[in-house]
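I would like the entire structure built from these sequences, with the hints used as guidance.
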Amino acid sequence: MASRSFLFIYVLVMFSLAGMAFSDLSDDFYHHICPKALPTIKRVVEDAVRKERRMGASLLRLHFHDCFVNGCDASILLDQTSTINSEKTSRANNNSARGFEVIDKIKSEVDKVCGRQVVSCADILAVAARDSVVALHGPSWKVKLGRRDSTTASRTAANDNIPTPFMDLPALIKNFKKQGLDEEDLVALSGSHTLGFAQCFTFRNRIYNETNIDPTFRRQRQANCPRSGGDSNLAPLDPTPALFDSKYFSDLRSKKGLLHSDQALFSGGKTDDLVEKYSKNLGMFSKDFAESMIKMGDIKPLTGKRGQIRVNCRKVN
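Residue 1 is where the sequence shown starts when you use the working numbering, and the numbers rise one by one after that.
Think of the hints as simulated: they come from the structure by calculation, not from any bench.
Be careful, since some hints might not be right.
[Unchecked claim] Simulated DEER-style distance windows between Cβ atoms:
| id | residue 1 | residue 2 | range |
| --- | --- | --- | --- |
| 1 | Arg-306 | Thr-164 | 24 to 32 Å |
| 2 | Thr-211 | Arg-116 | 57 to 65 Å |
| 3 | Glu-276 | Arg-227 | 31 to 39 Å |
| 4 | Asn-317 | Lys-277 | 44 to 52 Å |
[Stated by the list, open to error] For lysine to aspartate or glutamate, the following EDC-like pairs were computed, each having C-alpha atoms within a straight-line distance of at most 16 Å:
| id | residue 1 | residue 2 |
| --- | --- | --- |
| 5 | Lys-295 | Asp-182 |
| 6 | Lys-315 | Glu-101 |
| 7 | Lys-36 | Asp-111 |
| 8 | Lys-105 | Asp-160 |
| 9 | Lys-142 | Asp-27 |
| 10 | Lys-270 | Asp-182 |
| 11 | Lys-300 | Asp-24 |
| 12 | Lys-255 | Glu-210 |
| 13 | Lys-177 | Asp-160 |
| 14 | Lys-144 | Asp-28 |
| 15 | Lys-247 | Glu-276 |
| 16 | Lys-142 | Glu-291 |
| 17 | Lys-142 | Asp-298 |
| 18 | Lys-287 | Asp-185 |
| 19 | Lys-144 | Asp-298 |
| 20 | Lys-144 | Asp-231 |
| 21 | Lys-295 | Asp-24 |
Here the structure is a predicted model, which is why all the values come from computation and not from measurement.
Just so you know, even glycine gets a beta-carbon here, dropped at the ideal spot from N, CA and C.
As structure tokens, this is what we get:
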């Protein structure tokens, strides 16, 4: 009797382990089921970035904001319905997140070349983020794939978990730690601000009220961001917002970080040394950025039979 019980437990454990192995993400997930999927994503992303360089930063940001809210599950793409509290209307995304039409285009083109709905919207976000960085002369990495899409979203979780531009260093460290990311990940991933722009309301307090800021830089930013009004006026996050380089970190060392949360990385705290290293070594930054992007892409993915492959990235099937 005891041997039968042992056999039953053994089979159960082996079955569970097999299920776990089956659910793991892998960089060759679509190699056999749709080998044209990744080249198609790359083509659409390159076309979008060619038309508007800023779109590369926007697509990268979508993946980031998706992963920080209950994992990398494409919940950020869901529109508001009677049962879905869309993350698009959260504080971090409302009138700010963009690139949804590009994701729609990718989904349509990928489904066409695959002949069916086989590529998840969550995987599209992850690959589009990588391809955007590459299109703007940044590093490449092997994206782990096999995610499935969520059937729900959470505006509350988005408000609670997406880091804000007003956070100080302890708050940023705590925020990233909640996602299983360490201080090196924090600095490396913040380096995504080598690309893109920010709206005036996100940095107004910094340029008018903070003291650890270069005076000339302050005046330059005040010229396009008045004390009141002009909330959506844009300023580049670093001097070369359409090029992946290390100038973001050089700016922090010169007290020219645009956001409070940027300058917090170089303000006499424990991340100063890493900012200094990245400012002098683009290769090191690129390598660590790629590794942190892979790590972020591993945050609580839906795999196996959990979730679904959405027909329309904006709606639950």
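We went through each hint and held it up to the structure:
no.: 1; hint: Arg-306 x Thr-164: 24 to 32 Å; result: 30 Å, holds
no.: 2; hint: Thr-211 x Arg-116: 57 to 65 Å; result: 58 Å, holds
no.: 3; hint: Glu-276 x Arg-227: 31 to 39 Å; result: 33 Å, holds
no.: 4; hint: Asn-317 x Lys-277: 44 to 52 Å; result: 46 Å, holds
no.: 5; hint: Lys-295 x Asp-182; result: 10 Å, holds
no.: 6; hint: Lys-315 x Glu-101; result: 14 Å, holds
no.: 7; hint: Lys-36 x Asp-111; result: 10 Å, holds
no.: 8; hint: Lys-105 x Asp-160; result: 30 Å, violated
no.: 9; hint: Lys-142 x Asp-27; result: 6 Å, holds
no.: 10; hint: Lys-270 x Asp-182; result: 12 Å, holds
no.: 11; hint: Lys-300 x Asp-24; result: 11 Å, holds
no.: 12; hint: Lys-255 x Glu-210; result: 11 Å, holds
no.: 13; hint: Lys-177 x Asp-160; result: 14 Å, holds
no.: 14; hint: Lys-144 x Asp-28; result: 8 Å, holds
no.: 15; hint: Lys-247 x Glu-276; result: 11 Å, holds
no.: 16; hint: Lys-142 x Glu-291; result: 10 Å, holds
no.: 17; hint: Lys-142 x Asp-298; result: 13 Å, holds
no.: 18; hint: Lys-287 x Asp-185; result: 11 Å, holds
no.: 19; hint: Lys-144 x Asp-298; result: 8 Å, holds
no.: 20; hint: Lys-144 x Asp-231; result: 38 Å, violated
no.: 21; hint: Lys-295 x Asp-24; result: 14 Å, holds
Hint compliance for this structure: hints 8 and 20 are not met, and every other hint is.
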